[in-house]
Amino acid sequence: MTLSTKHTRWPALLLGMTMPGLGQMHSGELLKGICFFAIYQMLALTGLRMAVLLPDRLLAAGVGVVLALAVAFYLWTIHEAARWRSGVSEPKAYNRWYFYLAAWLVGMVGVNGLIIDHIRSSTVEAFKIVTDSMAPTILRGDRVLTDKTAYRRVAPRVGDGVMFINPDDRSKIFIRKIAALPGQQIPGITGSGDVVPRGMVYVLGERSTAVSGSATLGLIPLRDLVGKARQIYWSSGPDGIRWQRIGMTLSGTVFNAAGGGK
Amino acid sequence: MKEFEPSPDFAARVMTAVRAEVQSHVLSDPWLVVTLSTPLRWSLAFGGAVMTLVNLFRMLASVFAPALCG
Numbered sequence: 001m002t003l004s005t006k007h008t009r010w011p012a013l014l015l016g017m018t019m020p021g022l023g024q025m026h027s028g029e030l031l032k033g034i035c036f037f038a039i040y041q042m043l044a045l046t047g048l049r050m051a052v053l054l055p056d057r058l059l060a061a062g063v064g065v066v067l068a069l070a071v072a073f074y075l076w077t078i079h080e081a082a083r084w085r086s087g088v089s090e091p092k093a094y095n096r097w098y099f100y101l102a103a104w105l106v107g108m109v110g111v112n113g114l115i116i117d118h119i120r121s122s123t124v125e126a127f128k129i130v131t132d133s134m135a136p137t138i139l140r141g142d143r144v145l146t147d148k149t150a151y152r153r154v155a156p157r158v159g160d161g162v163m164f165i166n167p168d169d170r171s172k173i174f175i176r177k178i179a180a181l182p183g184q185q186i187p188g189i190t191g192s193g194d195v196v197p198r199g200m201v202y203v204l205g206e207r208s209t210a211v212s213g214s215a216t217l218g219l220i221p222l223r224d225l226v227g228k229a230r231q232i233y234w235s236s237g238p239d240g241i242r243w244q245r246i247g248m249t250l251s252g253t254v255f256n257a258a259g260g261g262k
Numbered sequence: 263m264k265e266f267e268p269s270p271d272f273a274a275r276v277m278t279a280v281r282a283e284v285q286s287h288v289l290s291d292p293w294l295v296v297t298l299s300t301p302l303r304w305s306l307a308f309g310g311a312v313m314t315l316v317n318l319f320r321m322l323a324s325v326f327a328p329a330l331c332g
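Going down the list, the protein sequences come from chains A and B. Taking this note's numbering, the leading residue of the first sequence gets 1, the next gets one more, and so forth. Taking this note's numbering, the leading residue of the second sequence gets 263, the next gets one more, and so forth.
Treat the hints with care, since some could be wrong.
According to the in silico footprint, chain A covers these stretches of chain B (three or more CB under 8 Å from chain A) [as the list claims (entries may be wrong)]:
1. 269 to 281
2. 325 to 332
Partial pick of chain A residues on the chain B-facing surface, computed with a CB cut under 7 Å [what the hints assert, rightly or not]:
3. LEU14
4. MET17
5. LEU69
6. ALA70
7. PHE127
8. THR131
9. ARG170
10. PHE174
A partial selection of chain A residues facing chain B, derived with a Cβ cut-off under 7 Å [to be verified]:
11. MET42
12. VAL124
13. ALA126
14. ILE175
Since the hints were made in silico from the structure, they are not lab data. The structure presented is a predicted model; accordingly, all values stated were derived computationally and were not measured. In this text, a Cβ means the ideal position worked out from N, Cα and C, and glycines have one as well.
Work out the full structure: start from the sequences and follow the hints.
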């Protein structure tokens, strides 16, 4: 990108930096600016919605490509706003500082904030594992991508690694594997009446020494399942980066549903 | 009428006079002194660059800034 002073529209460049499309609005292209802003948001939102439909091993790559495209589009809108060209109309009557401040507040603080919140709460979110409760499948220091849409598409399965809200402290998120679904026998209990009730799941850690599976936490309501752990996108520990774990998938076949844990 | 023949530095002298005239108006208006100052322009450029980085970081962090999980 080469922008000489002679061919650069500095106000449009600066406004374009603060919000995709705002530079175009400054040049009198209001509709174009709104469209660019909407494309930027939709690129991230719908792109990530499509990325979570990819197979587990492609999830992190798909998410990375979507975010890279959004970043590239943002930078391109800055360049497009700043590039001098003939035929662009002069600034319109709305060319007042308070218009741009209002547009930024609505766009980047309001809409962009809501989109980012929606992505984290309803599409995909990253978690850093801070305990050894799921070792050796998931180690302390692993960073895991969690699919928030998984259980809106398919029902939970035994062996799935799930993030759920800790019933004892709802500000905390735990990861365990599903050991029994509604109607199934609770593992390790022989009595015929001990089945998981409707709307609940029984979860276990991978290590028998680990704390807090359902034996200590109790049954977990299905509505408290936050999402399904799908892929490790980064892993580091006391010995440095664990390259061999990066990209590892966490499907039900990796989790040993029969493996005992407390 | 004899054809007008401007001196070679005619345009330069006119523009110098114009700039001096504009500058005199600018210096008499404190608001214009501030808004057209070089420090303000650099501050705006720096602010714009920071906003770009903040916005891009927010979008990337929407996925890759991990929450803690026990």
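Results of checking the hints against the structure:
no.: 1; hint: 269 to 281; in the structure: violated (count 0)
no.: 2; hint: 325 to 332; in the structure: holds (count 8)
no.: 3; hint: LEU14; in the structure: holds (4 Å)
no.: 4; hint: MET17; in the structure: holds (4 Å)
no.: 5; hint: LEU69; in the structure: violated (11 Å)
no.: 6; hint: ALA70; in the structure: holds (6 Å)
no.: 7; hint: PHE127; in the structure: holds (4 Å)
no.: 8; hint: THR131; in the structure: holds (5 Å)
no.: 9; hint: ARG170; in the structure: violated (13 Å)
no.: 10; hint: PHE174; in the structure: holds (5 Å)
no.: 11; hint: MET42; in the structure: violated (13 Å)
no.: 12; hint: VAL124; in the structure: holds (6 Å)
no.: 13; hint: ALA126; in the structure: holds (4 Å)
no.: 14; hint: ILE175; in the structure: holds (5 Å)
Comparing the model with each numbered hint stated earlier shows that hints 1, 5, 9, 11 do not hold.
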